[in-house]
Amino acid sequence: MGLENVINAALPEVLTTRLDSLINWARKSSLWPATFGLACCAIEMMNATSSRNDLARFGSEVFRASPRQADVMIVSGRVSRKMAPVLRRIYDQMPEPKWVISMGACATSGGVFDNYAIVQGVDKIVPVDVYIPGCPPRPEMLIHAVMMLQDKVMKESSRDRKDVLEAEAREAVVPGTLPVTDGSTARQNVLPESRPYTIASKHERRRSS
Amino acid sequence: MSSTLNVPPQFEIVDRPLDSQMTISMGPQHPSTHGVLRLELVLDGETVVKATPDIGYLHTGMEKLFEYKKYQQGIVITDRMDYLNPLGNNLAYVMAVEKLLELEIPERAQTIRVLTCELQRIASHLVWLGTHALDIGAMTVFFYCFREREKILNLIEAASGGRLTPSYFRIGGLMMDLPAGFEPRVKQFLDGFLEAVDEFHTLLTGNRIFQKRTQGVGVISAEDAIDWGLSGPCLRGSGVNLDIRRANPYTGYEKYDFEVPTEADGDVWARYIVRMREMKESHKIVVQALGRLKPGPVKADAPKVVLPDREAMKRHMDALIHHFLIVAEGFDVPAGEVYMPIEASKGELGVYVKSDGGPKPSRVHFRGPSFVNLSALPQMAEGAMIADIVAIIGSLDIVLGEIDR
Amino acid sequence: MTNGADNEQALPGQTSPTSSQNSTPSLLVTKLQRSHPEWITEIRVAHGEVTAIVPREHIQAACSDLKTSAESRFDFLADLCGVDRGQEEEPRFEVNYHLFSTTKHHRIRLKVLLAEDDLHVPTVTNVWRTANWHERETFDFFGIVFDGHPDLRRILLPDDWQGYALRKDFPLRGYEPYSLK
Chain Y
0 MGLENVINAA LPEVLTTRLD SLINWARKSS LWPATFGLAC CAIEMMNATS
50 SRNDLARFGS EVFRASPRQA DVMIVSGRVS RKMAPVLRRI YDQMPEPKWV
100 ISMGACATSG GVFDNYAIVQ GVDKIVPVDV YIPGCPPRPE MLIHAVMMLQ
150 DKVMKESSRD RKDVLEAEAR EAVVPGTLPV TDGSTARQNV LPESRPYTIA
200 SKHERRRSS
Chain H
0 MSSTLNVPPQ FEIVDRPLDS QMTISMGPQH PSTHGVLRLE LVLDGETVVK
50 ATPDIGYLHT GMEKLFEYKK YQQGIVITDR MDYLNPLGNN LAYVMAVEKL
100 LELEIPERAQ TIRVLTCELQ RIASHLVWLG THALDIGAMT VFFYCFRERE
150 KILNLIEAAS GGRLTPSYFR IGGLMMDLPA GFEPRVKQFL DGFLEAVDEF
200 HTLLTGNRIF QKRTQGVGVI SAEDAIDWGL SGPCLRGSGV NLDIRRANPY
250 TGYEKYDFEV PTEADGDVWA RYIVRMREMK ESHKIVVQAL GRLKPGPVKA
300 DAPKVVLPDR EAMKRHMDAL IHHFLIVAEG FDVPAGEVYM PIEASKGELG
350 VYVKSDGGPK PSRVHFRGPS FVNLSALPQM AEGAMIADIV AIIGSLDIVL
400 GEIDR
Chain S
0 MTNGADNEQA LPGQTSPTSS QNSTPSLLVT KLQRSHPEWI TEIRVAHGEV
50 TAIVPREHIQ AACSDLKTSA ESRFDFLADL CGVDRGQEEE PRFEVNYHLF
100 STTKHHRIRL KVLLAEDDLH VPTVTNVWRT ANWHERETFD FFGIVFDGHP
150 DLRRILLPDD WQGYALRKDF PLRGYEPYSL K
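Chains as they are written, first to last, in numbering that gives the first Met the number 0: chain Y, 0 to 208; chain H, 0 to 404; chain S, 0 to 180.
A hint or two may mislead.
[Claimed, not checked] Mimicking EDC-like on lysine to aspartate or glutamate, the simulated pairs with C-alpha atoms at most 16 Å apart in a straight line are:
| # | chain 1 | residue 1 | chain 2 | residue 2 |
| --- | --- | --- | --- | --- |
| 1 | H | K279 | H | D331 |
| 2 | S | K167 | H | E66 |
| 3 | S | K167 | H | D355 |
| 4 | H | K98 | S | E88 |
| 5 | S | K66 | H | E222 |
| 6 | S | K167 | S | E41 |
| 7 | H | K359 | H | D331 |
| 8 | H | K68 | Y | D113 |
| 9 | S | K30 | S | E70 |
[What the hints assert, rightly or not] Incomplete in silico selection of chain H near chain S, CB under 7 Å:
| # | residue |
| --- | --- |
| 10 | I225 |
| 11 | W227 |
| 12 | K313 |
| 13 | G335 |
| 14 | Y338 |
| 15 | G357 |
| 16 | K359 |
| 17 | R366 |
| 18 | S374 |
[As the list claims (entries may be wrong)] Using C-beta positions, here's what the derived DEER-type ranges look like:
| # | chain 1 | residue 1 | chain 2 | residue 2 | range |
| --- | --- | --- | --- | --- | --- |
| 19 | Y | D53 | H | Q187 | 17 to 25 Å |
| 20 | S | Q161 | H | M138 | 20 to 28 Å |
| 21 | H | P183 | S | Q161 | 53 to 61 Å |
| 22 | H | A179 | Y | R56 | 31 to 39 Å |
| 23 | H | E39 | Y | A64 | 49 to 57 Å |
| 24 | S | A45 | H | E106 | 24 to 32 Å |
| 25 | H | T204 | S | K30 | 46 to 54 Å |
| 26 | S | P90 | Y | D113 | 30 to 38 Å |
| 27 | H | G251 | S | P90 | 35 to 43 Å |
| 28 | S | R172 | H | T201 | 35 to 43 Å |
| 29 | H | G136 | Y | D113 | 55 to 63 Å |
| 30 | H | T201 | S | E41 | 58 to 66 Å |
| 31 | Y | M146 | H | P178 | 25 to 33 Å |
Simulated from the structure, these hints should not be mistaken for lab results.
This one's a predicted model, so the numbers in the text were calculated from it and none came from an experiment.
All C-beta atoms in this analysis are idealised placements derived from N, C-alpha and C, irrespective of residue type, glycine included.
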């Protein structure tokens, strides 16, 4: 990411199709999911990685437990209200570029459970790239969704993703973690404004429109 | 130390000696917690001083949802509870309502219920084995188990249309009869299954690493197990010979010949052995059930409760009216309350249904075995290492859908 | 009921079927009512199950007697759940205790009726430790307070949730849609 931003900053008028193709090909062929199996869809996700429907053929070789090492978050299962802040926090911890696949009816829209406890659609919390219907969707549907995501990744351009501005990044506070200790807030002796979640990056706002 | 670092005022650095305790949160997103379980561990180095489960991250409000749905609509919700044993959940709920209605279920329906529930029990134990072994470090077993499980899921999908959420049973019998060619396929699966279990044994049981990681870990005595309400393989692994299929038989289980495996040690290893033996016992029951299958009706003779035959509905007026009323308005269940326990793959799954006399229940409560099994974790985990916690959670075989409902 | 193949291992929990025929649950409860008439106000038998209604001050005593007495031996608390009978009913709430005996394999239900303005019940965690989580769940969903419980706080709903979700006057969809703010 650093290289392409340098190129884009230095030569803003130059088209970068070849570079884009190379970068996107590399990204789509190694989409590593973060383990975010919540409920029944997680079992179908496990079925999709098992030997009969092998998701690793398509590049999703390892399911990384740590979100810092993952590219795509497959939200598989119903998101309850207690879990929603955790979901957002895991999403925030993933480094750019990141995508979200919302697997199953419960993640897409609340599913069978239209009640007080379930968030009616995970796109109220994170921006979603691919929605998979089904309850639970067959493993082949998950593979199809990963392939659709790969097509989407191929169409991206490196100009769409700029680094979040450094100052913005320093301002963002996730509760329970120490803020960036450059001492700026300590010098002013003021509490950082309590914002529950990181602000959306410019990239995110553009994608959801 | 705090004078040289510029730390904002709301945080303070306290000097702690190295051997004091640390509280750490394991989960809710964790590869080894089998779902969204959060454990608050108070650690002294690597040893766990206290482990407190924090659940509710998958709470779905299912019990409230039941009160707004007709009885037959509730069957679909029960699938999603213990999603590794959906037929067991279906069976418990359906039998509870049948008990309230005092319906008599035909013989063929009971045999098919036993057959499919035992297949489901094998499938649930296969997922347990795969994930438990994966957590301890044996990755091959995971793939082998899921290979066998695919065969069972194909069978369940052939019968009911759904792999993981079949909703195969209805109040009064089954959704529909088994498809043609089902019995040879089951036989084909059964022929290869015992060798597969022996293959799992060769991979795990003789492995010294697996033995060292599981023997003597997470011990709970028989009296403690009963006091904590453990049931199923967790209780039988502590030496208590209790199986609801024998104690309070249902669906014709009293006619089948099977053993109830029990081990005396009460540790992770004992529970592992119990479940492996249970898979073979379920295999035995399926063989017997296949032998008992005789042609007959699969729905009870209760036209106000059970949907009529499709062809009859198209030709006869009363069948059409009954179909319409059952689907549109539901059937009235007489007022009363009932508690129906069954032996699910994880333990005693009890359903409490209270009816006010209408088409929707007044209260449905599921006593999930994993909910109660998990409550014994703090006792089992005292003094264990963090890696042992992983083994203990695996051996409890918890499913968060059932815990959090 | 007939037993299938005999289990070779004689381990705790297993018993012969004949010993349970002398003391079926309804006989047990009628005997208990005769010996302690203030403990049981009503007995109902329906669908093959016995329900005994116990006033709330005596629930601990009744439970520990049923657990320890040699004829009943209800050493397993299978389930403890609350019920909201409806806003017009009086008493509005009830708490059901489902007891099971691992040796004699019989079951019984105890019921405590509670009025809406005084939702307190003594805890039975000193009788069976498994009641701990069940009572927390009942408190979480209905607001029934169990006096003497070691750790009575919410278990399934988030800790800062307002209201009691399974009461009949709590709407299905809750009070506000979810938003991150």
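Cross-check of the supplied hints:
With a C-alpha separation of about 41 Å, the suggested pairing of K279 (chain H) with D331 (chain H) is violated against the 16 Å cut-off. Annotation: proposed proximity of K167 (chain S) to E66 (chain H) holds, straight-line Cα distance about 9 Å (limit 16 Å). Restraint check for K167 (chain S) and D355 (chain H): satisfied, since their Cα atoms lie roughly 14 Å apart, inside the 16 Å limit. Restraint check: the Cα-Cα separation between K98 (chain H) and E88 (chain S) comes to about 25 Å, which exceeds 16 Å; the hinted pair is violated.
Between K66 (chain S) and E222 (chain H) the alpha-carbon distance is near 13 Å, which keeps this suggested pair within the 16 Å criterion. Note on K167 (chain S) and E41 (chain S): the hinted pairing is violated, with a Cα-Cα distance of about 26 Å set against a maximum of 16 Å. A threshold of 16 Å between alpha carbons decides the hint, and for K359 (chain H) with D331 (chain H) the separation of about 8 Å falls inside it, so the pair holds. For the hint pairing K68 (chain H) with D113 (chain Y), the CA-to-CA distance comes to about 12 Å; that is within 16 Å, so the pair holds.
Distance check on the hinted pair: K30 (chain S) and E70 (chain S) sit about 11 Å apart at the alpha-carbon level, within 16 Å; holds. At a threshold of 7 Å, the smallest CB-CB gap from I225 (chain H) to chain S is about 5 Å, leaving the interface hint in force. Hint status for W227 (chain H): holds, given a least beta-carbon distance of 5 Å to chain S, under 7 Å. A distance limit of 7 Å between C-beta atoms decides the matter here; for K313 (chain H) the minimum to chain S is near 36 Å, and the interface restraint is violated.
Interface hint at G335 (chain H): satisfied, since its Cβ lies 5 Å from the closest Cβ of chain S, which is below the 7 Å cut-off. Taking 7 Å as the C-beta contact cut-off toward chain S, the hint placing Y338 (chain H) at the interface holds, the least distance being around 5 Å. Evaluation of the G357 (chain H) hint against chain S yields a violated restraint, the C-beta minimum of about 12 Å exceeding 7 Å. The beta carbon of K359 (chain H) comes no nearer than 12 Å to any beta carbon in chain S, farther than 7 Å, and the hint placing it at the interface is violated.
The criterion of a C-beta within 7 Å of any C-beta in chain S is met by R366 (chain H), whose closest approach is roughly 4 Å, and the hint holds. A distance limit of 7 Å between C-beta atoms decides the matter here; for S374 (chain H) the minimum to chain S is near 4 Å, and the interface restraint holds. For the pair D53 (chain Y) and Q187 (chain H), the beta carbons lie near 23 Å from each other, so the given range of 17 to 25 Å is met. Evaluation of the 20 to 28 Å hint for Q161 (chain S) and M138 (chain H) yields a failure: the beta carbon distance comes to about 45 Å.
Between P183 (chain H) and Q161 (chain S) the Cβ separation comes to about 58 Å, which falls inside the hinted range of 53 to 61 Å. Range check, A179 (chain H) to R56 (chain Y): Cβ separation about 34 Å, and the 31 to 39 Å hint holds. With their beta carbons about 19 Å apart, E39 (chain H) and A64 (chain Y) fall outside the hinted range of 49 to 57 Å. For A45 (chain S) and E106 (chain H), the Cβ-Cβ distance of about 26 Å falls inside the hinted range of 24 to 32 Å, so the restraint holds.
With their beta carbons about 49 Å apart, T204 (chain H) and K30 (chain S) fall inside the hinted range of 46 to 54 Å. Remark: the range hint 30 to 38 Å for P90 (chain S) to D113 (chain Y) is upheld by a beta-carbon distance near 31 Å. Judged by the Cβ atoms, the range 35 to 43 Å given for G251 (chain H) and P90 (chain S) holds: they are separated by roughly 40 Å. Between R172 (chain S) and T201 (chain H) the Cβ separation comes to about 53 Å, which falls outside the hinted range of 35 to 43 Å.
The hinted window of 55 to 63 Å between G136 (chain H) and D113 (chain Y) is violated, with their beta carbons roughly 41 Å apart. As the Cβ distance of T201 (chain H) to E41 (chain S) is approximately 59 Å, the hint placing it in 58 to 66 Å holds. For M146 (chain Y) and P178 (chain H), the Cβ-Cβ distance of about 32 Å falls inside the hinted range of 25 to 33 Å, so the restraint holds.
Hint violations for this structure: numbers 1, 4, 6, 12, 15, 16, 20, 23, 28, 29, all remaining hints satisfied.
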